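The residues making up each chain are set out below.
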Amino acid sequence: MAKEPKLHKQHKKLGNAIAYIVLVLISIIWLFPFVCIVLQSFRSYDTELGGMVDYLVPKHFSLDNYKWLFSGDSQFVRWYLNTLIIALCVAVLQTIIVLCVSYALSRTRFRMRRALMNTWLILGMFPGFLTMICLYFLLKQFHLTQEGAIPGLILIAVASCGMGYYVCKGFFDTIPKSLDEAARIDGASKMRIFLTMIIPLSKPIVIYTALTAFIAPWCDYIFASYVAFGYSDSYNVAVALYRWVNTSDYQGFLPDSVPGACWWQFLSRFCLWHCSGIM
Amino acid sequence: MDRKEEGLFKKAGTGIANFFKWIGTDIKEIGVTFAEGDWKTRVSYLIMGFGSIMRKSFARGIGFLVIEIAFIYYLVSFGWDYMKDIGTLGTIGEHKEEVLTKAGPMKVTVYGDNSFLILLYGLLTIIFIVFFIFVWRLNVRENRKEELLLKEGKKIPTTKEDLSSLLDANIDKTLLALPVLGIFVFTVLPIIFMICVAFTNYDYNHQAPAKLFTWVGFDNFSQLFSFGSNGFGGTFFKVLGWTLVWAFFATFLNYFIGMAVAILINKKGIKLKKLWRTILVMTIAIPQFVSLLYVSKMFANDGLINSYLMKWGWISSTIPFWTNPTLARITIIVINLWIGIPYMMLIATGLLMNIPADLYESARIDGANAFQMFFKITLPYMLFVTGPFLLTQFTGNLNNFNVIYLLSGGGPKSMKLSGSAGSTDLLVTWLYKMTVTDTNYRMAAVIGIMVFAVTAIVSLGVYNLLPSVKDEEGFQ
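Those protein sequences? They're chains A and B, same order as listed.
All residue numbers for the first sequence refer to this note's numbering, where the first residue is 1 and numbers rise by one.
All residue numbers for the second sequence refer to this note's numbering, where the first residue is 1 and numbers rise by one.
If you are wondering where the hints come from, they were derived from the structure by calculation, not from laboratory data.
Any given hint might turn out to be false.
If you want the footprint, here are the derived chain A segments under chain B, 3+ residues with CB under 8 Å [to be verified]:
1. 58 to 66
2. 83 to 97
Keeping only pairs whose Cα atoms sit at most 30 Å apart, straight-line, the calculated BS3-like set for lysine-lysine is [unchecked claim]:
3. B:Lys173 <-> A:Lys169
4. B:Lys84 <-> A:Lys13
5. B:Lys274 <-> A:Lys13
6. A:Lys59 <-> B:Lys40
7. B:Lys274 <-> A:Lys12
8. A:Lys169 <-> B:Lys268
9. B:Lys40 <-> B:Lys211
10. B:Lys273 <-> A:Lys59
11. B:Lys273 <-> A:Lys12
12. B:Lys84 <-> B:Lys267
13. A:Lys9 <-> B:Lys268
14. B:Lys274 <-> A:Lys9
Keep in mind that this is a model prediction, so the values were computed, not measured.
Every residue, glycine too, gets a C-beta built ideally from N, C-alpha and C.
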């Protein structure tokens, strides 16, 4: 009887050891590409080949890529600003629209409400790329392609965002209706209830909506490249990165600055995730 | 199942019957309004809002009048030109015209009808007409309402009351007006347009504005399902099959392995829990866009993985990660684990902590071992809670454009597949290639409709089978 706990303990130790080994392996696999990207960004384009090489640690550490990235030659600063402008505008406008739609669907009952929600649900099942040429054409009618690609992208992102009300409406549904009723008895209009009660009560969801809206434009490659087609002043970061990696003209040394660029992105995203309390 | 289908047909039947009934009563009501109405109401049938203005309800009356004038102006100056050709989508092709220049008459090539514009604006005009009829009906109803109110000796709401009700009783109209308009112009109209394109021959040989395209009925659909030399049938079913296989593996492998990792980190006695989680979440922090592109280069023939394996002498020739179809598919699914597991781990960690601890306690007292506890408590609970999440993951993976496009670009290409599809193409990436590379818009539209059908069938079919939908109180 006395031996059993010891055996049990040994068993447990072995289990933990295996668990640690697995965790370390997982960490290595997950960090490997990340480390590669960072190391590659310190490779100088003067002395070493760009693109893929068969060694990991650069022969000379240098900050050439970073210098080049922020010098006037690369347009990177401009593309970064483009993306930042799009992301900020989309975050603000989309949050406003989603809040309005969610409030209307959560707190008011009107004819066609169910029909409207079902229609939006069905519309959401169509693949986004289906309508790409038609959207491009519509934007072109308003001169919002090429030179005007940035307002165009903002318009497209904001125009249809009302359909993404699910999370926000779900949140509003959990705010007790008795609060509304109490305010109604005190003579507040529905607009006033919305602005002075519901919105202050739903800070987390406002932040969540704004953050998700802010992040999306940084990864928007497909539509952004289609709308900005061939006009390099309107590129956003994602389009530029994709071109660097895949354009044969730049195969020589440009891919090396991709990691530099993504390092920047990483920082900004890291801050966002950090703020939103994920970590 | 039979009973269910029967129920569905019955529902549809009563729906249609109700619709016609509704139209019937509506027409009757319009007639009654005209017969019983005074002259102001009768004039309103032609000049919208006339009655309201005469009854001093200016905001509504002027609103109706403005809509009518704007509609007529639109139709006469713009809409009708396009709508009259919608049956043929234009008849005058590109042709030469004689133009008088300073040097004398010259032949110049001019564009004829633009089928694209005719279709787009024609549809827009039709939608406006339907909308106008709806507004006209509102106008009639408004007159009726006002008359009845006056007969009963009540007052008609003033303009001020009307406007302030937009912030109170009618707030839904204020808040929804702009979003609905945006969705209409940038989602509904383009989708209707593309559905129409599926019934035309709009492709690289019929590019507007130089060439005309026209209606071809169901030709594109029969091409999609035909297995002949010109048909897309073989390719379509292969791509569809891979799409479903991919969605299945991408969803469930991520789900179970992610859950396993979460359980592993949650295990008692494991230290530095926060560190392990942060390491995994780091990958979320790099934009998917960058990490996917980089990983795809890493696995290329001249990439890091192959060159290291060669250097160490483990392999003598490069492993064709992206050029061998089967290997490419496996590589994509495995790399997708790299992306998906951190997300799943985050979600699972939160949920696992929510499982009441006393469930495990009592199981342990009853002598259950770890496996029994997992299969009897953890898994049912997780499946119950994450059922809807799994469904959205699955439909999301059906349309997971980024992973496929950035990793393999749909390749490797194969001569056996038509429409420039590759072995790892999903329906959406194929759709994208059709639109951008091949400019074969008609087939792209058809495939888009198919994607919609697959998504709709999967989500509606599975939704009703979910445990949390069937039995909402299951875990209370």
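We went through each hint and held it up to the structure:
With 0 residues carrying a beta carbon less than 8 Å from a beta carbon of chain B, the region 58 to 66 of chain A misses the three-residue requirement, and the given coverage is violated. Residue count for the region 83 to 97 of chain A with a Cβ under 8 Å from a Cβ of chain B: 1. That is fewer than the three needed, and the coverage hint is violated. For the given pair, B:Lys173 sits about 17 Å from A:Lys169 by alpha-carbon distance, which is consistent with the 30 Å threshold. For the proposed pair B:Lys84 and A:Lys13, the alpha carbon gap of about 82 Å is over 30 Å, so the pair is violated.
A C-alpha spacing of about 21 Å is found between B:Lys274 and A:Lys13, which places the hinted pair at or below 30 Å, so the restraint holds. Taking the CA atoms of A:Lys59 and B:Lys40, the gap is near 90 Å; set against the 30 Å cutoff, the hint is violated. For the hint pairing B:Lys274 with A:Lys12, the CA-to-CA distance comes to about 21 Å; that is within 30 Å, so the pair holds. With a C-alpha separation of about 38 Å, the suggested pairing of A:Lys169 with B:Lys268 is violated against the 30 Å cut-off.
For the hint linking B:Lys40 to B:Lys211, the alpha-carbon distance of about 52 Å lies beyond 30 Å, and the restraint is violated. Restraint check for B:Lys273 and A:Lys59: the C-alpha separation of about 36 Å exceeds 30 Å, so the hint is violated. Only pairs whose Cα atoms come within 30 Å are accepted, and B:Lys273 paired with A:Lys12 is accepted, the gap being roughly 18 Å. A distance of roughly 71 Å separates the Cα atoms of B:Lys84 and B:Lys267; the hinted pair therefore is violated under the 30 Å criterion.
With a C-alpha separation of about 13 Å, the suggested pairing of A:Lys9 with B:Lys268 holds against the 30 Å cut-off. For the hint linking B:Lys274 to A:Lys9, the alpha-carbon distance of about 25 Å falls within 30 Å, and the restraint holds.
Figure legend: structure checked against the earlier numbered hints; hints not met, in rising order: 1, 2, 4, 6, 8, 9, 10, 12.
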